[in-house]
Amino acid sequence: MPEHTDNFKETPFVSITDVYQSFGDNQVIKGISFNVAKGEVICIIGPSGSGKSTLLRCINGLVKIDAGSIKVKNLEVHDPHLNKLELRKIVGMVFQQYNLFPHKTALQNIMMAPIHVLRQDAGEVKDRAYGLMRKVRLEGKEEFYPGELSGGQQQRVAIARSLAMNPEVMLFDEVTAALDPETVKEVLVTIRDLAEEGMTCLLVTHEMGFARELADHMYFTENGVIVEHGPPEVFFNAPEDPRTKEFLSQIL
Amino acid sequence: MFRRNPKRRPRQVNPRHRLAVLLPTRPGVTGASNADQKFSQLSSGRLRAIHLLWLFLIFGASAFGAGAQNGTDQPSIVMTILAWTPLLLKGFGFNILISFMSMAFGTAIGSVLGVLQISLLPPVRFSSRILTQFFRNSPWLVLLFYCMFMLPFEITVGGLRIPFPDWIKAVIGLSLPVMANVAEIVRGAINSIPSGQWEASESLAFTRRQQIWLIIMPQCYKRMLPPWMNLYAILTMATVLASIVGVEEVMTLAGQVLAADGRPELLVPIYSFVLLWFFAYCYPIARWTIRLERKFVLNT
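Chains U and P, in that order, are what the protein sequence lines are.
One gets my numbering by counting positions in the first sequence from 1 and adding 15 to each.
One gets my numbering by counting positions in the second sequence from 1 and adding 35 to each.
Chain P on its own, in the form it takes in the complex (with noise of 0.2 Å):
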């Protein structure tokens, strides 16, 4: 038997309104048209499936356009990038490598900033919040182009020399928004669990520190999981950011290709090839995200 308890928060209309600029815009479905409805009646497979049919018709449309206008002594323009592919692929397997470190990273630093919000200690609360904040409304390019230029090219340690690679650099600054946004995901998780909560174990007699870690985290971590897999998907499309800095990553890498070939035909195929790569690596983590959302709100 279920029994709706009056005083716990009303349930949010957009359980995602939370962190609203870090998600996907997707339309409520009771505002939506007829035909939204209809899209959003499609089994989840299904509608995976006629996206990236149709990113598949975009790209084959560009090859076989671009080709229509082709000499015959050039070899056509789907050989060409198949192959590229190797080395292409390469390249996305660095941003993809970039991605995973700066996550890493980011969301080690972001939990400590995170809890450190909601320190008792007022010096310590402020400071993580501003430090928060700081890195959370800067632009992600802004912040990459300062660690490339602030960060020295390697460093010495009592006579040892660690080089410190530009791709280094590019996980550091790619990694600062990325702890922001983690530490807000924290924050907002510990936020909305009910006051009862604390009041309750405080009157047990936990402490402060058992309180966090027995009590509200492990009710937090089903909150975060969606936000949190919406901030990998922004990040592993921001990591061709890098390429603007220098690091051979897939766009860099697209770029070059480009230039090598000399053939300006092949601009907008390349470019899509790499586009559906992205979006076939996103879109299923996107889908995913909407799937546990909805489980958990069945759940809470």
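If we strip away everything but chain U, and leave its shape as in the complex, we get (with noise of 0.2 Å):
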């Protein structure tokens, strides 16, 4: 597979070599190696069962690796030695199914973790909080549980969770394959004014349109190997592999 090193002038804030994952005998991920800069945006497409959001879990250290290397800002993921508060202090994550903590308020979902992991003061965590939830449009609802919340709000509410704990890139896994059309977008809108603020963001997404109008580069993953990829002008109109002609028709 071709490396691109065109686009970048600095070393890449993530970046992952040969990386191999298999659970028991199904080997996922096949070698695959791809670099992200600061402040890039880059989304992955591909069909279900391509290892896509494997690769994103490998890249917190939620899945481990069988080889390869993945590197987050200066941090080994798999080095056994790793401190993982130090890479998880970086990475954000947020998931398909939101995964609110259904026990805890909005805001107290956004608190959890400044709180109980990085030790903020309770009193500064608060007031971030409010400002998240103001960020993320969803002001007056702090005091809501994520079971009154609409789909679309509670993924809201785990962006901003994820954001309290200030993390440099930010992993969207299908964020808005869940949700009902009508509040898709208000995710996305979202997810869109983080990505003008500068966050590094990686996405795993559907929404083809939201990945053309905002992606920096596109890949597309199949059987665990990445089969093509390029900026999205050219892979949205123009692709070669035989592959990508046939998914982007499938799904435009």
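Simulated from the structure, these hints should not be mistaken for laboratory data.
Hints may contain errors.
When the alpha-carbon atoms are kept at most 25 Å apart in a straight line, the in silico DMTMM-like pairs for lysine to aspartate or glutamate are as follows [as the list claims (entries may be wrong)]:
| hint | chain 1 | residue 1 | chain 2 | residue 2 |
| --- | --- | --- | --- | --- |
| 1 | U | Lys260 | U | Glu211 |
| 2 | U | Lys53 | U | Glu158 |
| 3 | U | Lys45 | P | Glu234 |
| 4 | U | Lys141 | P | Glu234 |
| 5 | P | Lys330 | U | Glu228 |
| 6 | U | Lys141 | P | Glu237 |
Since this is a predicted model, take the numbers as computed values, not measurements.
Fit chain to chain and form the complex, with the hints in mind.
Below you can see the structure in the form of structure tokens.
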């Protein structure tokens, strides 16, 4: 697979080199490499089961890799002596199923990790949490429990919860896949705002219009390898690989 | 606005299936006959009254029937039983005490055992699983006998003699199966929490201990309460097993009363009387459990 080095002037912020991963006999990722620069937004698309979500989970160490290397900032993710706290302070993740803590209010969901993990002052954290609720346009919903919020609102709380740790890179794992069509937009707008502020974002998504508009670079994975990649204009308008063409023709 | 989460575990048809062995059988409303449906439409208060009324009727009939065969020179059955009531109540109080203490010990140790079953260390995990399965699948009476005959009647700790009366042994014997069942309740509740909760909290850098105590367990308490209360009701009914090993609880005393009075016609009324107490004690617990379950199903 050709390395793309043309758009990197500085050292990459996330660097994935020749990663292999399997669950038992099932080889999920079969040698994936790519780099992400600071402030870059990349979108990974591909059929289900192609290893996209697993790849994201490898980046923040939720899933162990068999071989290869993943570097985030200056941390080697799969170093057995890695300080996981350091890694997870840098990498925020948002899930398809929101995974809010149902026994806590929206505000408490945001405040928990800074208070218990980073041991920050509760008053300061609270102020910041209110700010984050405003940022995801949910002011007034602070005292609502996740069960009382719509899917789109829950997902925006989940984004705010992740941002409360002040991450430097955000992973979005099909964050709109479980949402009703009318609430997809509010979540995408939140992500776009983030990207425009310069947050490094890795998105696994099926929202092609959104990817085309926002991504700096597109990746298409199938069967655990990257089949094709490139800037969105080229990727969407003139795909080269027949598998990419077929996938795009099905989805667009 | 409530949104259904498509990947969430499908709602169980009967949420009590998890520990079905421990649960009172009750027909599901869907498959129930017409009469059952009418029955379930009754308010729970009336339901309780009807059941208690039946028991009173059985007890009264047995006492009256026994009294009818009775000569005139002896006091009536009802008067005799009332005379013995203070003694029998004392015995019943002892049953409740044993049930409280067994439940307390069993819950304390069982909770630890339940959490150990999800330990990341394989030896800890496997040994706690084996321990749980062993005590969960042993007859309660056999465990009780073991404790009776294997434990010493006193322990000497540094010259201090601590007596170990039979009823303490009974408490220990009963708390073993309670422990194992509580451990299963805890493990089941933890496993019923969607894996996304673990992933999300892990990605927010919570430690494993924080995950368990701040994220997972607080969501488990509600799920654990109904089966735990069920277990308590079952334990209370099982405390009479202690009579077999000679603890002076209500059944032993009832037997002694019968022996002292030497009136065979007392047999059915006295045991019905005791039955009535247990029913009056356990049935409200069962009703309350069902109500909590319904409430929690609506909430989730």
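Status of the hints after comparison with the structure:
For the hint pairing Lys260 (chain U) with Glu211 (chain U), the CA-to-CA distance comes to about 29 Å; that exceeds 25 Å, so the pair is violated. Straight-line distance between C-alpha atoms of Lys53 (chain U) and Glu158 (chain U) comes to about 35 Å, which puts the hinted pair past the 25 Å bound. Simply put, Lys45 (chain U) and Glu234 (chain P) have alpha-carbon atoms about 23 Å apart, close enough for the 25 Å limit, and the pair holds. A hinted pair counts as satisfied when its Cα atoms are at most 25 Å apart, and Lys141 (chain U) with Glu234 (chain P) qualifies at roughly 24 Å.
Under the criterion of a C-alpha separation no larger than 25 Å, the hint pairing Lys330 (chain P) with Glu228 (chain U) is inconsistent with the structure, at around 47 Å. Between the alpha carbons of Lys141 (chain U) and Glu237 (chain P) the distance comes to roughly 22 Å, so the proposed pair stays at or under 25 Å and holds.
In terms of the numbered hints stated before, the structure departs from hints 1, 2, 5, listed from lowest to highest.
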